[in-house]
Structure formats: structure tokens, C-alpha cells
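**Q** Spelled out, the chains give:
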Amino acid sequence: MTRTILLASTVLAGLASFAQADTLRLLTWGGYAPDDVVAMFEEQTGHTVEVTKSNNEEMIAKLRATGGGGFDLAQPSQDRVMGPQMEFGIYKPMDVSKLNQDLFIPSMLKATMANTTVNGDVYGVPHVWGTSGLVINTAEAGDVVKDYTDLCDPAVAGKVSYRLKRPTLIGFAFAMGEDPFAAYDDEAKYKAIMDKVEAKLIECKPNVKTYWSGGDELMNLVRSGEVTASMAWDTGGWKLNNDNPDITFVAPASGALGWIDTFVLPAKGQADDVAYQWINFVMQPEIAAKITAAAGNFTASAGADEFAEAGLKAQYQASFPQEAIDNIKWYPPVPAGLEAIEGEVLDRVQAAN
Amino acid sequence: MRRHQSRIAFFLLLTPLVLWLGLLIIIPHIDMLLISLRERISFGVYEPSLTHYEKALTEPLYLRTFWRTAVMSVLATAITLLIAFPVAYYIAKMAKGRLQQVLFMLCLIPFYVSELVRTFGWMILLRETGLVSNLLQWVGLADRPVELLYTDATMMVGLVYTSMLFMVVPLVTTLESLDDSVIEAGYDLGGSGLSVLREIIIPHAMPGIVSGCIVVFMLSLGNYLTPTMLGGKDSLWFTEMIYNQFIVRSNWELGAAFGFMLLILSSVIVWGVLRLTGRTLKETMG
Amino acid sequence: MTPDLECLDLVKRFGDTTAVDNVSFSVPPGSFFSILGPSGCGKTTIMRMIAGFLDPTSGDIRIKGGSVLDTPPNKRPVNMVFQHLALFPMMTIAENIGYGLRRRGMAKGEIGRKVDEALDRIGLPGIGGRKVDELSGGQKQRVAIARCMVLEPDVLLLDEPLGALDLKLREHMKVELKALQAAFDTTFVYITHDQSEALVMSDQIAVMNAGRFEQVGTGQDLYYRPDTPFVAGFIGESNRWKGRIERAEGDTVQLRTDTGLAMRATGATLSEGDMAEIFVRPESIRLADHAEALSSFDNRLKGTVTSLLFNGAASRVLVRDDAGETLEVNLPQSGEFASLKRGDTVHIGWGAGQATCFGAA
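Chains as they are written, first to last, in UniProt numbering: chain B, 1 to 353; chain C, 1 to 286; chain S, 1 to 361.
Be careful, since some hints might not be right.
[Unchecked claim] Straight-line distance between alpha carbons at most 25 Å, and here's what the computed DSS-like set of lysine-lysine pairs gives:
1. B/196 <-> C/55
2. C/233 <-> B/146
3. C/233 <-> B/196
4. B/189 <-> C/93
5. C/93 <-> S/341
6. C/233 <-> B/191
Simulated from the structure, these hints should not be mistaken for laboratory data.
Model the full structure from these sequences, guided by the hints.
**A** Right, dumping it as C-alpha cells:
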């Protein structure tokens, strides 16, 4: 008799969990949802996770095209939350009380929430953070290239590369002694800075081998030795460092550019509870360490450092002495209109001969 | 009753076509047109305006890229035709039996892999530390690594390579339909190789030439990967600008305007080619 | 007189196969010469060698006495009407006919005049502006010939040009081709597998088999005096037997067929004990109600009608003799046998002169 009841309740419980099983459609970056983490989550919760890999621009374009539909959780950078939300309304406010806030590094959580607040509602929480700076073959260009503008030095002519994207404009502006972030609210001033950067980039153009557009392309260029110095993400530099100790990531003299990728709920997401479950799951220190191992970047998970690989920690410490960490320039939210200015600058640089 | 059934069958057959045309082609284009005709005033506020077309037509960069793309696409089409014609002629008329099939398969095989992989293949061959560069040094034709990537010529090679099949197939089909004895009759009645080519083979192959050229031109014009990956830092392709406006800049309005300019450009050129060769679209496609 | 076309010891090999095996012939000016043979016998190969599309392995081709082996097809004074005519579909009729003249660099006005003249000659004036696919089969045929004839070739080659036409039109075109040949007064070399085409039109016919010429002669020669069993079997129809010679007296032989039939026949150079093939044409066999009516024939048989094959003037009866063999016999259309039906007993007979026999291996 008791056995029957037990059996029945087990079946019922099984049915119940089955009924609750949902699909989480996750729009994220490569490495942020490794297969083993997804498998663990699916096993623990019974939900299914569908991962779509993308980048900032495409994420926003996709969500904009559907009015915030098609996905239940997305991971744009924190500077891409406020502007698109005001413009297109593609996200929905986040109920932070459903998250286990103890899992986050407090300062990072606070900063991200502040940066993603629109009309008093919080739209994002931090997940993975990292920087972009310089990847340098120290044996060949280590003495010459210390900052972004050194990429224009004749000594490395034909051996440098960077992206024709906004981080390049921002990085060059800092290296030229300007503070573009401070000019974010002053369109005229920002334009003046960008004009200077444009002139510099056009002047620098003959020095550039090619403008890279994909991570793999850059890795090939540096690994083959065709490029000895380039603007790049920190993880790219560390990966190359594993193959060739001469190559590594260097924080530029004017400061590395810091970014934080967030969790946001798309406006038409249909599985918010699963999304909160996923966030709480991946922010656990052990899981976060797995993501760090896969993506190469550190997370906003408090205490995950303990579980991170020693090699990666060493590389991180080599690239970031304390003063370099203090000097990281974190991207503030991009006000509308700036991207139009930047776009025109980039177009003109590309068209210049 | 019979008539009633045939009407049902007719509508059943028509429905997918109408849905396809309507949902996937006409409605998105109308939407695109409307987007291109509005201007963003502030957050979520738009007004009808022609400003984007004005910008596209006055900004020298956009215009330059527009014409550059058009001219390069025409050039790529012409080069593809020049290379594909002898190839197609050999496959259709000179190669026999098994060899014919093998050659045709060889043309097809590169298309088993994605365009991205094919383009990467070219990059591996042509890069500074690549195969060709090493070979040149080994043979002694170069004394240091040669960079063959990132030029317009490389981009042209990539475009021609990507388009080859789409020129060869229609040419082989039309040339195969030309009776060998018609060519022989051309010689028999006193024609030389050149005059037979000009008066008999080319006029016969004209439908294939025109449809091949239209397809290749459209493919080149709309190609995104090859120009971005093989072209150098000065290379600009119109599709790249459309992508930039839509995805990178979030400026759908200008992107949509660009898209319509490209649509108009390709329509005008196709129409022009058909007029020039005295063919109708019906003859060429049907 | 120098022949218009002369082939000397012509040989063509493709790998191990010999398509044309030592063929020699000459065609006198203004004549209609046919090469008749089953498909695959090598006749097309000969024609393509004459036109210049194939080089002979050995031997020589002479036109009006001069060798043309080194002359490319577009320079040979020979033109060809192709099997499927090969009119240029991208050109009008006038452009088709004027093509060869344009290639010769003739002035435009003169081309126009010559084209009109040629169209008149083939009885199709005023169609110059039409497209090829607007013409009927017979009209295309004539245009294809006119396209060659405006070039005034020494020899016109025709490669089974009637093959694609329907029967009625083919009968009509046979007569017309012959007339055109007479009108143009040009040497025609015509290849076909259809004996009736060859017999009706030709001055001389070469029967070709397996790369060799079996016999060259007039239609009558081939029909009535075949030189070889192949010619006897290929031209016209025959009842055939195989047998052994029992007695030979000059040209007349007495033999017994494998089926046991005794027969008198004609065959030179045969002696007692030789194996032979015997051919008797259906129209050479006389049909009679009584054995007495056939007393003048050397060979007489009694048999049963197994089938009546009505085909107008060419109607036949199948008669089975006592040995169980079936013979084809022409049915006279004089009304005498109008009541003949299956199962009737009939008598048949034929003379020794109508039974041709050849030595067999």
C-alpha cells in the first residue's frame, strides 16, 4: 500500500516536472554556454536550452527585427542596453528579486544595474567581463608598440591590423589624450574628437595590412607572423600565448577598454522563470569557472576565481598589473546619435586612399 | 463537379506560389520601401522623408562604392564569361562520355562546400605565408614573402571563381543543344573557326550567355563574403555597406534606401543587357 | 574524262576497328552515285573523309584529279547536305543560303541576286525572309540543297537527307532530288541504307558491307546480277537456302538443300560437293492450281497456304512445302487467285535461271 502511494507520487512528480519543462532560447556569445554547462542545467531542471551564438550588433538587429521576440534570454554588452531599449523597446524589466544576488560581485552588479536602468526599471545584470587592448608579438614589436597610436609607427609598417569598428575609434581617442567617454553627452565635442581620430586613422592607413573582421581571421594573421601587433580582445591574446610565448595581450598605456556582457530579457521572451533559473545556475562559482575556461574571460560571479585555471590566472596577472586594472576604461551606455557620427568616420576611413 | 475539382486543384497549386511571393518577397519589400522613406526624429518618432536617398546620392563615399560595385560586377561577369565559354565548349562539344561527366563534376565539386570555406581556401593559398608565396620563393621568383591577398585583383579572382559554375551550366546546356552537324555545316560551307564562332555558335548560345551573365552579375553584385574577405582595406562593396547600416549602425532607414538602390541598379542593368542583345526575359528564362 | 571524285585504296581505322577497308571508286562528272549499306557499314565514315571532317588512315581522295587530303573542309570544293539538314536556326532562309557566299567575301548585292536565283531554282521564291522553323520538311530539304548549290561545288554529298521525312514526302523527294540533280548538273554522292532511294535515283550504286564495297553497278546489275550473297540478300527480298552441289553442268547446277529439297539453280565456278547459298526472289516464283501448269519450270513444289500478306501490288502468300519450309511467293494481281485462302493447296515453280547460287564456306 505505501509502496503504491510512493510509486504514484513519484509518477505524479515526474508528470509535474514534465509539465513544467520549458525551452530556454538563449542568444549569446560563443563560449558563454558551453555544452557541459548546458547538459548539467538540462539534467537538473528538465528544461531544454537552445543556444544561438551571435555578437552585439547582430543580437540587437535580431531583437529589433522581431520586436524583442524569438529569444528568452540575451547577452548584449552593458553599453548596448539602455540606448536600444529607449529606441526600440526590445527588452523587458528584470525582477532582480528572483536572482540570487549573493552570487554576483557586488560592485559589478551595482554598476551594471545602474548603467542599464531606464525610467527606474533595471534591465540588465552582469555576466562576463573582459577588455580589449593590444595583442603583440613581443619579440618583434614589443619595444615599439605600447599604445594604440604606436600601431602607426613606421617600424611596424605592413605588420599591424585592427578592426574598423567603434572600439578602435575609442581606443585611438584615449591614446591621443582625449576622453571620448566624457564627451558622450556633448555631441559637438564628441564629433571634434572623432574628426581628430579620423585624421589619424587615415594617416595610419598605409601602415595597416588589413582590417580584420573576425576573431579567427585575426588569430591566423598573428599566429602566422604576418601581423605582429593588433588591437584585439584579451582572450585572443592569451589563446595565442599558449601556442607562442612571445605573443601576448598587453594593456595599452592609455588603458584597456573594459566591457561587461549582461543578461537581459527580450521583450517577448516566453520563459522568464527559466531565464532566471539559468542566470542563478551559471553564476554559481564552479559553473562560472567552467564558462571562464570555455570563453577565456572572467565572470561577475563572486568567488569563481578560486575555481579558475592557474594558467589563465597567470596570464591575466601578467597582462594586468594593478595599475593597469585601475586604468581600465569601462564603456558607459552609448547615447543615441553617436553611432551615426562614428559610422561616418569609419566609412570615410575605409574610403580614404 | 469535374470543373469544381480542377478549380480546387488550381488554387491548391497556386497557394504556395502566392504565399511565397506575398509573404517572402512582396510584403518585405513594401515594408523595406516604407522604412527607407522615413526619417528618425527621436526615440521611436519617425517622419516621412526622402533624406536617406538624398544622402545616398550625394555622399561621395556611397556613390563611389555604388558605382565601384556595379563596374566591378560587370567586369567580373565579363571575365567569368571569357573563361567559362571555352570551358563550357570543351565540356559540351569536345569531351565525350565519361570525361564529360568528370569535367562537369569538377566544376561542381567546389560548390559542395560553403562559400565561406571556399573563400578561406583562397586565403590559405594566397596569403603572405601561404602556398603560392612559398612556391614562388622556392622556385626563386621571389626573394621574400609575397602578399597576394587584399587587392582588387584577388577579389576579382574570388568573384570569378564563385560565379564560374553559374556561367558554365547554362552555357553547357545551350551548347549541348547545338547539333554538331550545324557547326560542321558552318565549316563545310566555307566558314573559318572565327566566323563559325561568331555567326553560329555564339548566336545559338546567346540565351545561355544572357542568362548566365544575369545570374553571375546578380551574384557578384550581391556577394558579401568574397569582397569583405579577399578585398583589401580600400575595398568597398555595396552589400557590405548595407550590412553595416542594418546591423552595425542600426540605421535601417539608410540601409533600406541602399537596398532599393541596389535593386534598381540590378534591374536597370539586366533590362539594359536584354535590350542590347535584343532578347526578352521570356526567351532567356523560358 | 577526269572523274569528279576518285577514292583510291581508302582506309580508315579507329583503334582496332577498321571502319573503311581499302575502298576505291570513281564518280564520273554529272552522275548520281549512291553508297548503300546497313548502318555501321562505314558509309558515313567515307562521306566524312570526303568532306574533310576525318583524315583517312591511308589512301587518297581526288577531286577533279587533284588530291584534297591537305585541304581543310572549309576550302574543299565539296559541300554536304547533312542527315538532319543542319540549317542554321539563328538565320533567315536567305541568310542560310547566302552564308557560304558571305564567307567567300562576295558583294552584298550579288549575294542577294544569287540567293533569289537559288530560291527560284528550288521553286520557293520569296521565302528568303522566313525563319527556318517556319518551313515544312520538304521545303527545308530544298533549302539545304540550295545552300550548298549556290557555292557551285564540284561534288555534293548527301548524308541520308530523306531519313527524317515521312513516307509520302520521302517518295516525292526521291523524284525531286533526281530532278534537282539534273537541273544543277552536279555530281551527287548520296549515302543511304534505304535501297529504294538508291535504286530510284542513282546512276551507279555501291553496296557496302563491313567497311568494303561488295559490288558497284547500276540498279539493274545489283538486282538481277548480284555478285555476292550479301548483295543478293540486301537488295530486294529473297527466299534463301543452304545446300550441297550434287552435279554441275556449266552454269547450271543440281543441288540438295539442308532440308532435303532437290533444286536446279544457276551458279558459276561451283563444282560437285561445294556448299552453296541459294537465293530465289518471291516474284520469280510462279503460283498455279495444277502441277501441269508449271511443267516448263525446273523446280516444282506442292504446298499449303499458311498466310496471305496483302500489300496492294506487292501482296504475297506464304506457302509451306511438304518438307515444312515456308516460302514467300508474289501474289499476281490479275484476279486469278482472288479466292485463295489459308489452307488451300497450291503448286509453285521456278526456273533454274531465277535461282542464283553462291559458294558458301
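**Q** Please go over all the hints and tell whether each is borne out by the structure.
**A** To see whether the hints hold, each was checked on the structure:
About 23 Å separates the Cα atoms of residue 196 of chain B and residue 55 of chain C, which keeps this hinted pair within 25 Å; it holds. In summary, the hint linking residue 233 of chain C to residue 146 of chain B is supported, as the alpha carbons are separated by about 24 Å, within the 25 Å threshold. The suggested pairing of residue 233 of chain C with residue 196 of chain B holds, with an alpha-carbon distance near 20 Å, which does not exceed 25 Å. A hinted pair counts as satisfied when its Cα atoms are at most 25 Å apart, and residue 189 of chain B with residue 93 of chain C does not qualify at roughly 69 Å.
At roughly 58 Å between alpha-carbon atoms, residue 93 of chain C and residue 341 of chain S are farther apart than 25 Å, so this suggested pair is violated. For a cut-off of 25 Å, the pair hint linking residue 233 of chain C to residue 191 of chain B stands: about 24 Å separates their Cα positions.
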